[in-house]
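Trainee: Put chain B on the given structure of chain A with help from the hints.
Protein chains in written order, with the working numbering: chain A, 1 to 200; chain B, 201 to 400.
Simulated from the structure, these hints should not be mistaken for lab results. These figures come from a predicted structure and were not determined experimentally. Every residue gets a Cβ at the ideal spot worked out from N, C-alpha and C, and that includes glycine. Each hint should be verified, as a subset may be incorrect.
Stretch-level coverage of chain B by chain A, calculated; a stretch enters the list once three of its residues show a Cβ under 8 Å from a Cβ in chain A [as the list claims (entries may be wrong)]:
{"id": "1", "region": "260 to 274"}
{"id": "2", "region": "369 to 378"}
{"id": "3", "region": "382 to 388"}
Lysine-lysine pairs mimicking BS3-like chemistry, simulated, CA-CA at most 27 Å apart [claimed, not checked]:
{"id": "4", "chain 1": "A", "residue 1": "Lys46", "chain 2": "B", "residue 2": "Lys261"}
{"id": "5", "chain 1": "A", "residue 1": "Lys46", "chain 2": "B", "residue 2": "Lys246"}
{"id": "6", "chain 1": "A", "residue 1": "Lys154", "chain 2": "A", "residue 2": "Lys61"}
{"id": "7", "chain 1": "A", "residue 1": "Lys61", "chain 2": "A", "residue 2": "Lys122"}
{"id": "8", "chain 1": "B", "residue 1": "Lys322", "chain 2": "B", "residue 2": "Lys261"}
{"id": "9", "chain 1": "A", "residue 1": "Lys154", "chain 2": "A", "residue 2": "Lys122"}
{"id": "10", "chain 1": "A", "residue 1": "Lys154", "chain 2": "A", "residue 2": "Lys46"}
{"id": "11", "chain 1": "B", "residue 1": "Lys246", "chain 2": "B", "residue 2": "Lys322"}
{"id": "12", "chain 1": "B", "residue 1": "Lys261", "chain 2": "A", "residue 2": "Lys61"}
{"id": "13", "chain 1": "B", "residue 1": "Lys354", "chain 2": "B", "residue 2": "Lys246"}
{"id": "14", "chain 1": "B", "residue 1": "Lys322", "chain 2": "B", "residue 2": "Lys354"}
{"id": "15", "chain 1": "A", "residue 1": "Lys61", "chain 2": "B", "residue 2": "Lys246"}
Number of protein chains: 2
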Amino acid sequence: MRPRLQVWIDFASTYSYPAVMRLPPLARSAGVDLDWRPFLLGPIFKSLGWTTSPFNLQPHKGRYMWRDLERICAALGLPFVRPDPFPQASLLAARTGLVALEEGFAEDFIMRVFAAEFAHGKDIGDAGVLNAIVTDLGYDASATLHRADTAGIKSRLRAATDEAARLEIFGAPSFITEDGELFWGNDRLEQALSWAARER
Amino acid sequence: MRPRLQVWIDFASTYSYPAVMRLPPLARSAGVDLDWRPFLLGPIFKSLGWTTSPFNLQPHKGRYMWRDLERICAALGLPFVRPDPFPQASLLAARTGLVALEEGFAEDFIMRVFAAEFAHGKDIGDAGVLNAIVTDLGYDASATLHRADTAGIKSRLRAATDEAARLEIFGAPSFITEDGELFWGNDRLEQALSWAARER
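This is chain A alone, in the form it adopts within the complex (with noise of 0.2 Å):
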């Protein structure tokens, strides 16, 4: 049994971002296997009285987020350019990530709408971009995004944003090992694997 790390992600989230595109070998690297987890930070905010983003709240500590952003990219050698509009609907993307949960392949979907999101400067909240990325995948993106639009995903969304509601979740990315461990932040990724691969 190889130990596993919960990975809660919302594809609106920045740090999010050069999280995702580390992750899956650092992972390999580890010997963890990831538990993909989709889900929407909004309905969090929105329990702390927050419209938007923290960062659209707090110009200044979002000032700072981009110029950080900016130079975490750099030192990685990712592209970056910033989403407009920010943050991006990402209701959709995170209903079709579930999908591709079922299909099995979401971990090339996720790296595929952050990239289209943060490195090609795409409109995730837009139908086509993820279509797009489906078919170059090699899936059936009208029946992926249809499946995306039926009541039973739609609740499998909220069951999990409850569910990282009461674990707690304040932020993304986030990282929850099988012992319960939250770490939160890309800053944390590496920690969090070293926790998850040392309870063996």
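Mentor: Using the frame of chain A, we list chain B on its own:
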């Protein structure tokens, strides 16, 4: 001319504890001289409508912070106790820190105050605790604390806090290089030092 790095700290700031303990030896290795800049986060938080620490206003984030800080201190071999009350009243420590800066013992004073608060569970809002630290460092505690209560020092602290706001500082610890690059948090300490050092 050796490169310099501004180090902005509020004595109540939790992640400033490991940062302050780690910084002096790392700065010496990097060949960087430190400008310690005590200030108050309270007025900056107040301008965002917050009446206390965001770690109190957002309980899930707060609980995470305490666990994260505990893990960080354990990994560094630093003793850690959770301050009670939190946040501590950091006004008198900040004013005394400005006197220590004038007198040339700021770094020792700052490290002792953070150790008192986070390693020994002392209340740094208590003048007796600060008095003991100054005495222990071999300085005149009565004269130091008297000077901390003068209009000149009070006005210097207000000016420092205004300057922090102008510099768009929104949290502590914050580091600013000579070319104006802002780094926030214990997690960015190494990056701030290497950015400062490579300018020359």
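Trainee: Hint by hint, note whether the structure agrees.
Mentor: Structure-based check of all given hints:
1. 260 to 274: holds (count 7)
2. 369 to 378: holds (count 3)
3. 382 to 388: holds (count 5)
4. A:Lys46 <-> B:Lys261: Holds - the C-alpha atoms of Lys261 (chain B) and Lys46 (chain A) are around 15 Å apart, at most 27 Å.
5. A:Lys46 <-> B:Lys246: Cα-Cα ~21 Å, so holds.
6. A:Lys154 <-> A:Lys61: Given pair Lys154 (chain A), Lys61 (chain A) is violated - Cα atoms ~33 Å apart, limit 27 Å.
7. A:Lys61 <-> A:Lys122: holds, 24 Å
8. B:Lys322 <-> B:Lys261: holds, 24 Å
9. A:Lys154 <-> A:Lys122: With a Cα-Cα distance of about 24 Å, the restraint between Lys154 (chain A) and Lys122 (chain A) holds, given a limit of 27 Å.
10. A:Lys154 <-> A:Lys46: holds, 19 Å
11. B:Lys246 <-> B:Lys322: Given pair Lys246 (chain B), Lys322 (chain B) holds - Cα atoms ~26 Å apart, limit 27 Å.
12. B:Lys261 <-> A:Lys61: Holds, at roughly 16 Å.
13. B:Lys354 <-> B:Lys246: Measuring from Cα to Cα gives roughly 19 Å; hence the hint holds.
14. B:Lys322 <-> B:Lys354: holds, 24 Å
15. A:Lys61 <-> B:Lys246: holds, 15 Å
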